[in-house]
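Colleague: Could you build all of it, start to finish, from the sequences and the hints given here?
Protein chains in written order, with the numbering used here: chain C, 1 to 236; chain G, 1 to 300.
None of these hints come from the bench; they were simulated from the model.
Incorrect hints may have been included.
Take a look, some chain G residues computed to stay more than 12 angstroms from chain C by CB distance [as the list claims (entries may be wrong)]:
| no. | residue |
| --- | --- |
| 1 | Leu13 |
| 2 | Gln14 |
| 3 | Val85 |
| 4 | Leu124 |
| 5 | Asn128 |
| 6 | Pro147 |
| 7 | Ala167 |
| 8 | Val294 |
Partial list, computed: chain C residues near chain G (C-beta under 8 angstroms) [claimed, not checked]:
| no. | residue |
| --- | --- |
| 9 | Glu77 |
| 10 | Leu82 |
| 11 | Gly102 |
| 12 | Asn105 |
| 13 | Ser153 |
Glycine is no exception: its CB is placed at the ideal position from the N, C-alpha and C atoms.
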Amino acid sequence: MYCLSVNDLSVAYGGAQVLWNVSFNVEEKGITALLGSNGAGKSTILKTISGLMNPISGEIVFEGRDVTHLPTYKRVENGMCLVPEGRRLFSSLSVQENLEAGAYNKRARLRMNDTIERIYQLFPVLKERKKQSARTLSGGEQQMLAIGRGLMSLPTLFMLDEPSLGLAPLLVSRIFEAIRRIKSEGETVLIVEQNVWNSLRIADSVNILENGRITIQGSGEELAESEIIKKAYLGL
Amino acid sequence: MRIPQKGIRLPILQITDIFQMIIASLAIGSLYALLGIGLNVVYSVTRLVNIAHGDWLMLGAYLTYSLFSFYQISPIISLAVVGLVTGSIGGLLYKSLFSRIVHRAKSLAEVEVNSYLIFFGLLLVVENLVTLRFSSLTRGYSWGANPITYFGVSILVNRLFTAIFSAVIIAALVVVMRATWLGKAIRFAMDDRDAAKLMGVNVERIFALCCTIGFAIAGMAGNLVGMIYEVSPTMGLSYTLIAFTVIVLAGTGNFGGTLLAGLSLGFAETFGVYFTTPALRVIIAYSILIIVVVLRRRGS
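Modeller: This is the structure we're talking about:
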């Protein structure tokens, strides 16, 4: 059984259609990547899966259940989590308060203190800065906090929208390393990226999105060897 | 020897006069803080610009008046009823009208402009309905209009009650915001509504709740205002402006600061009137609003 199945999804934004019949599956306990250039519709897919946007047709099946018309907060309660593009931290709150915010849903609230310790092990720098306001963190630290806040909700499907955006190369590889570790702890990950090279290296399964349509699907290894990908995305 | 400027009295202040004025400032200032916090709960969370805030207050005053004159129900008893009625109006208006505006808008600015127009329409409807039913004559009811005196300083019972009631409501809101998951959810929705949804907050419910609380506070403030001043269908506007002055001073979303801002306005008005003339009462408050808006740094 797939953790998530997206079937024939079409989405319009402000009167213009941006996704056409997008279908793909997310396998349990693996990393699935949605890759493509800016404006291909990657973020729209994640927003629709998490319920921030509504599709005009198609369905979203999460753990065998049709969630296409559920409000966002119910999807979160059921175990979906999106780390949004641009991080969207609560800038007036401290690092620790942001992490606690992630544990808002009742399931996560009960185990909040244990989960926070787990996040501090994953990103020790957050523990050093736990009293600081989120807006005083560097870009990389903010991304770590956004990922930590997401994990606080105890997700069964962990979605990340452009986690490497705007980060220095060294930090990019640290973020990808963290995502790999999260997967190895048994999490199911769906990642949207423009950073094709790093994504191909960690992804078990890859979908390439062009102009609102999925054009290529395959495993990470397959696509890293593919001539089309090398030419179009890796500049080799 | 300096010659006093024309038009400004320089009265000789007794120490009891000063205490008397401080007490008066605290009493009126706490009412202003209550007005401000009612508006702030709605605006800072939902971004709905409730320019009919003073009219829900007026509605609360007329409801109290009706219960008092037709059923002989004491204003102090009808306080809770008034809160329930105007609070329900707030919740129902959100569900029926404003929910759509909030969800269809592409930006917060769009929420603000559209809600402003709708509230303006509602303001006219409410004022006209009340005028139709009660005429435009001023009405009144009173409770606790007897003074109590300690150490030569006296205060009317209704003003003392207003101050205590306001302080309790504001303290309760501050505690809820700081110490409960509900308060946290409100803060998340205030900061970033999409991020709040992604945390699992039922933002729609939070918005409806904030409208209910804001309108309930406005109605109850109307009940209290009517114990002290006369009531008329057009009384709302001046209270709306006071409420906006308070949240401009305090900053949106800062509920503790609202108390401080309300009290400051109370002091400015009481002392300003004492040193000039009561005719300037309204002008003092609005001058403060204008000065703060013009001089305030962006983003504060």
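Colleague: Do the numbers back the hint for Ser153 of chain C, that is, is its least Cβ distance to chain G under 8 angstroms?
Modeller: At about 7 angstroms, which falls below the 8 angstroms cut-off, the nearest Cβ of chain G leaves the hint on Ser153 of chain C intact, so it holds.
Colleague: Can we trust that Val294 of chain G is non-interface, i.e. its beta-carbon lies farther than 12 angstroms from all of chain C?
Modeller: holds (26 angstroms)
Colleague: Is it correct that the beta-carbon of Val85 of chain G has no partner in chain C closer than or equal to 12 angstroms?
Modeller: holds (29 angstroms)
Colleague: Find the nearest Cβ of chain C to the Cβ of Ala167 of chain G and say whether that gap is larger than 12 angstroms.
Modeller: holds (25 angstroms)
Colleague: Holds or violated: Glu77 of chain C as interface residue toward chain G, Cβ cutoff 8 angstroms?
Modeller: holds (6 angstroms)
Colleague: Since Pro147 of chain G was said not to touch the interface, does its Cβ keep a gap of more than 12 angstroms from each Cβ of chain C?
Modeller: Holds, because the least Cβ-Cβ distance between Pro147 of chain G and chain C comes to about 44 angstroms, which exceeds 12 angstroms.
Colleague: Min Cβ distance, Gly102 of chain C to chain G: is it shorter than 8 angstroms?
Modeller: holds (6 angstroms)
Colleague: Take the shortest C-beta to C-beta distance between Asn105 of chain C and chain G; is it under 8 angstroms?
Modeller: holds (4 angstroms)
Colleague: A cut-off of 12 angstroms on Cβ-Cβ distance, and Asn128 of chain G was said to be off the interface with chain C. Does that hold?
Modeller: Its Cβ never comes within 12 angstroms of chain C, the nearest being 38 angstroms, so this holds.
Colleague: Could you check that no beta carbon of chain C comes within 12 angstroms of the beta carbon of Leu13 of chain G?
Modeller: It holds; Leu13 of chain G is separated from chain C by about 43 angstroms at its closest Cβ, greater than 12 angstroms.
Colleague: Taking C-beta pairs only, is Leu124 of chain G more than 12 angstroms away from all of chain C?
Modeller: For Leu124 of chain G, whose nearest Cβ neighbour in chain C is about 33 angstroms away, the distance exceeds 12 angstroms, so it holds.
Colleague: For the restraint on Leu82 of chain C, tell me whether the closest CB of chain G is nearer than 8 angstroms.
Modeller: holds (5 angstroms)
Checked against the numbered hints given earlier, this structure breaks none of them.
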